[in-house]
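Student: Between the sequences and the hints, there should be enough to build the whole structure, so can you do that?
Number of protein chains: 2
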Amino acid sequence: MHNKQYNIDKLYEAVAEKGPVCVGLDTAVEYVPVSARRGAARDADAVFDYNRALIEACGDVAACFKVQIAYYEELGLAGLEVYAKTLKFIRECGGLVIADIKRGDIADTALRYARAHFEGDFEADFVTLSPYMGMDSIEPWLAYVETKGKGAFVLMRTSNKGMRDFEYLRLQTGGQLYDAVGDKLAVLAERCIGRYAYGAFGAVLGCTEREEAARIREQRKNLFFLIPGYGAQGGAAADAALLLRNGNGGVVNASRSILKAWMNCASSADPGLEQAASAARDAAIKMRDAIRVAVTRTSEVAATGTAQ
Amino acid sequence: MHNKQYNIDKLYEAVAEKGPVCVGLDTAVEYVPVSARRGAARDADAVFDYNRALIEACGDVAACFKVQIAYYEELGLAGLEVYAKTLKFIRECGGLVIADIKRGDIADTALRYARAHFEGDFEADFVTLSPYMGMDSIEPWLAYVETKGKGAFVLMRTSNKGMRDFEYLRLQTGGQLYDAVGDKLAVLAERCIGRYAYGAFGAVLGCTEREEAARIREQRKNLFFLIPGYGAQGGAAADAALLLRNGNGGVVNASRSILKAWMNCASSADPGLEQAASAARDAAIKMRDAIRVAVTRTSEVAATGTAQ
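Line order of the protein sequences matches chains E and G. Just so we're on the same page, the working numbering is the position in the first sequence counted from 1, plus 74. Just so we're on the same page, the working numbering is the position in the second sequence counted from 1, plus 74.
Wrong hints could be hidden among the right ones.
One copy or any two copies: either way a pair holds, since identical chains are not told apart in the list.
Said to hold, decoys possible - Taking lysine to aspartate or glutamate pairs in the EDC-like style, the calculated list, with each CA pair at most 20 Å apart, reads:
1. K92 with E166
2. K235 with D182
3. K295 with E264
4. K295 with E87
5. K84 with D134
6. K222 with D83
No wet-lab data here; the hints were simulated from the structure.
Tutor: Pasting the structure below:
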């Protein structure tokens with residue numbers, strides 16, 4: 075046991091306090107209320123204004139935020155300026171932020187990427203990484219666990235249709251590709267175990283497929299999960315609950331269903347930023363509560379041995 | 075046969091004219107001669123000054139340039155400004171540029187990434203992509219073949235030690251993971267075949283492993299290869315030659331051995347930009363000629379059936 079507090083420990087505590095919702099700021103400009111867009115000099119500024127309102131409104135409901143960099147790269151240099159401002163604002167508010175960048179490259183290059191996303195303009199608390207090129211593309215990021223408490227989530231089994239193309243391929247030695255990735259990640263996690271028995275490096279584990287969820291959760295005790303696929307991608311609270319343990323050990327991301335919640339409010343076709351952010355907050359609370367109910371149900375089923 | 079010219083066709087023609095060298099602009103600031111660094115206001119500006127000198131000096135030797143975005147992300151917003159300027163300068167000079175970004179994400183996100191790197195500030199002629207999440211993470215990029223002639227190289231078998239972790243895993247149905255990726259890429263390439271029978275979407279195929287090179291080249295006739303691993307990573311001209319066909323069908327990337335060539339010149343411990351760029355040009359010529367010799371030798375061996 076060590077005394078240092080990793081970001082993964084802070085995340086565990088945030089989940090214990092606020093629930094497992096990760097608010098995804100995949101903020102396309104078309105998700106920003108029209109009136110707020112009109113007030114902004116550039117599209118990117120409208121995105122930041124909405125992000126700020128969302129971060130303020132959801133701060134006590136979101137265990138963390140996840141910022142998908144593609145939506146900012148799409149807006150070019152102005153977009154990346156706003157990406158940097160968004161990360162900074164989250165961290166200034168005391169929030170935790172996952173940079174969803176899915177980088178993966180040879181060790182020399184990975185070291186540059188690690189500097190880019192764990193220091194400087196784009197400093198985040200966690201990143202997402204892609205394992206295709208192997209563990210030497212992950213290693214260089216690991217140095218930042220000890221120096222700055224950083225963490226990462228490595229793609230294991232995602233939530234998209236295409237995951238069946240490669241992630242599900244059966245291996246000659248048994249298991250599927252994602253199992254092989256999970257094996258390596260479990261070893262990695264042992265090297266950076268935090269206070270709550272989860273490694274600073276965890277895995278991306280989608281909640282769109284129910285069958286193997288309980289098995290994977292049971293098998294990967296030291297992996298904290300970043301769980302995509304909820305809401306717009308089809309995953310339900312019951313699916314997400316299977317990937318948690320006592321309601322912790324993972325964060326469940328939702329982006330569009332939260333960012334676009336204002337579009338479903340009959341009260342206003344074109345709300346102001348605060349009203350839109352309030353709708354987002356309501357959506358996040360609803361999601362949190364649905365997962366809490368599902369977690370309770372899952373543990374009851376487990377306790378009584380009743381099939382669902 | 076269609077009349078449209080894809081970037082992959084232009085690249086084929088560039089290789090026929092200039093040889094298969096791809097100059098990698100992984101321009102860390104420490105690769106820039108010290109005197110040139112002193113003259114620049116910011117590190118990022120020194121990087122751009124060196125890039126410009128390199129692009130001008132190597133224009134007639136390089137079939138294309140590859141810009142590794144990690145080295146620019148490392149310098150934050152200023153770095154990405156210079157990344158954008160570098161791509162623009164290459165294209166203004168009539169050169170072809172591969173954005174080495176290795177992105178890979180769900181379809182909605184991939185679409186944003188495609189807009190980011192095939193339009194606007196970061197517009198490139200080609201990108202590199204990671205296949206882990208499956209073909210729906212590649213699909214959205216494909217629309218740009220028809221509209222703008224764009225192309226991509228998808229990671230198949232890379233050049234780093236870690237490739238053995240997953241890329242080499244044997245599948246229950248036969249072959250290795252990289253073969254399964256190759257199968258999907260070959261189908262994809264058929265959907266965007268250019269004038270010279272290579273698809274606009276090709277593969278990243280490292281030249282550090284010799285055993286399977288000839289087999290893979292023979293098997294993947296419609297895949298144009300982006301070939302990393304030459305020089306600093308250990309690959310030799312003979313290895314690279316095995317991945318070409320008649321000296322074409324691929325570009326061989328070298329970054330550090332070209333960017334840092336000036337460090338091996340006895341004539342000057344701290345050369346000016348032009349002198350450093352000239353050393354880079356000499357290194358690129360030497361590399362081109364070595365590969366040409368190896369290509370000739372490979373085809374002679376193939377013709378006479380003589381074992382090497």
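Student: Against each hint, give a clear statement of whether it holds in the structure.
Tutor: Checked hints:
1. K92 with E166: Intra 18 Å, inter 52 Å, cutoff 20 Å: intra-copy only.
2. K235 with D182: Close across copies (12 Å), not inside one copy (32 Å); limit 20 Å.
3. K295 with E264: Classified as within; 10 Å inside a copy, 44 Å across copies.
4. K295 with E87: This pair counts as within: shortest intra-copy Cα distance 17 Å, inter-copy 54 Å.
5. K84 with D134: within (14 Å within a copy, 54 Å between copies)
6. K222 with D83: Only inside one copy: K222 and D83 sit 13 Å apart there, 47 Å across copies, limit 20 Å.
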